[in-house]
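Chain by chain, the residues run as shown.
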Amino acid sequence: MERSLPYRPVSEHVARTPWWRRAAAWADLHGRREGWLAFILMRLTGIGLVFYLFLHLTVLSTLARGPQAWDAFIALARSPLFVAFDGVLIFGMLYHGLNGLRVILLGLGVGSRRQAELFWGAFVLSIVLTAVAVRMILMMG
Amino acid sequence: MWIWQALSGILLTVLLVVHMVANHFVVEGGLRTYADVIHYLSNPVIFLLETVFLMVVTAHALMGVRAIILDLGISPAADRRLKAALFALGTLIVVYAVWLTGSAVLRA
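One line per chain: the protein sequences are H and C, in this order. Under my numbering, read the first sequence as residues 31 to 171, first letter to last. Under my numbering, read the second sequence as residues 180 to 287, first letter to last.
Incorrect hints may appear among the rest.
[To be verified] Coverage of chain H stretches by chain C, computed from C-beta distances (three or more under 8 Å per stretch; other residues unrestricted):
1) 76–89
2) 97–103
3) 149–160
[Stated by the list, open to error] Residues of chain H clear of chain C, computed beta-carbon distances all greater than 12 Å:
4) Trp49
5) Arg51
6) Asp58
7) Trp66
8) Ala146
Read the hints as simulated data drawn from the structure, not as lab findings. Just so it is clear, the structure is predicted and the values come from calculations on it, not from any experiment. For glycine and all other residues, C-beta sits at the position ideal for the given N, C-alpha and C.
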């Protein structure tokens, strides 16, 4: 029975392909569909969010160093570069959460035939909500 | 493991919204100064809620890390060591964060 995998199976042929051809294959979008894109984005946002969790806890450790250290961090957090970073973070959280709901539905056998539309829905909604959140951050200053 | 990742994920969507709203929208302009943060955390209900959030998010994150490593293909013995290491790391994270915020609140 043929199963659809989120990645391409490694064959003998691939093993004999030179490394630079295999590396270039990452950029080859032939045969890549929404299921693959959803999976890769889920992995990347997940890895990013784990790093963010550690970063967030490290930043919170400035609480132990008193008000001066904390206020210095808050000043840094209001810089434009930091707000741009917030945008990336918010998109990552929204996509990971919304696609997580999609994965749960698919795991329960709900909406399998609509999985591609569910992916695009989660993706577009993440972008829209990120834009709303960044606008709110900029308005709150 | 899939079911735990799903359940903790659903719980996190709720806890994350509560965390964000409580930190950014309850006090006008959000929690900014050191005093704001300490005052917020000195509410026992909030402290408990944030601790539960931290525990769930840490478990979800480390289960995700294990899922990625399992996809690379490791032996059952290596997986047992991995689980023990991740459990120790998760415990360390929660204990450190509770100690950090708890001592900051008590000092104030």
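Checked hints:
1. By the rule of at least three residues with a Cβ nearer than 8 Å to a Cβ of chain C, the coverage given for the segment 76–89 of chain H holds, with 6 such residues.
2. Remark: the segment 97–103 of chain H is confirmed as covered by chain C, as 3 of its residues place a Cβ nearer than 8 Å to a Cβ of that chain, reaching the required three.
3. A stretch counts as covered by a chain when three or more of its residues have a beta carbon under 8 Å from one of that chain; for the segment 149–160 of chain H and chain C the count is 0, and the coverage is violated.
4. Every CB of chain C is more than 12 Å from the CB of Trp49(H) (nearest about 18 Å), matching its label as outside the interface.
5. The Cβ of Arg51(H) sits about 22 Å from the closest Cβ of chain C, beyond the 12 Å cut-off, so the non-interface label holds.
6. No beta-carbon of chain C comes within 12 Å of the beta-carbon of Asp58(H); the shortest separation is about 21 Å.
7. With a least beta-carbon separation of about 14 Å from chain C, Trp66(H) lies farther than 12 Å from that chain, consistent with its non-interface assignment.
8. For Ala146(H), the non-interface assignment is confirmed: its Cβ lies about 21 Å from the closest Cβ of chain C, beyond the 12 Å cut-off.
Checked against the numbered hints above, the structure breaks only hint 3 and satisfies the rest.
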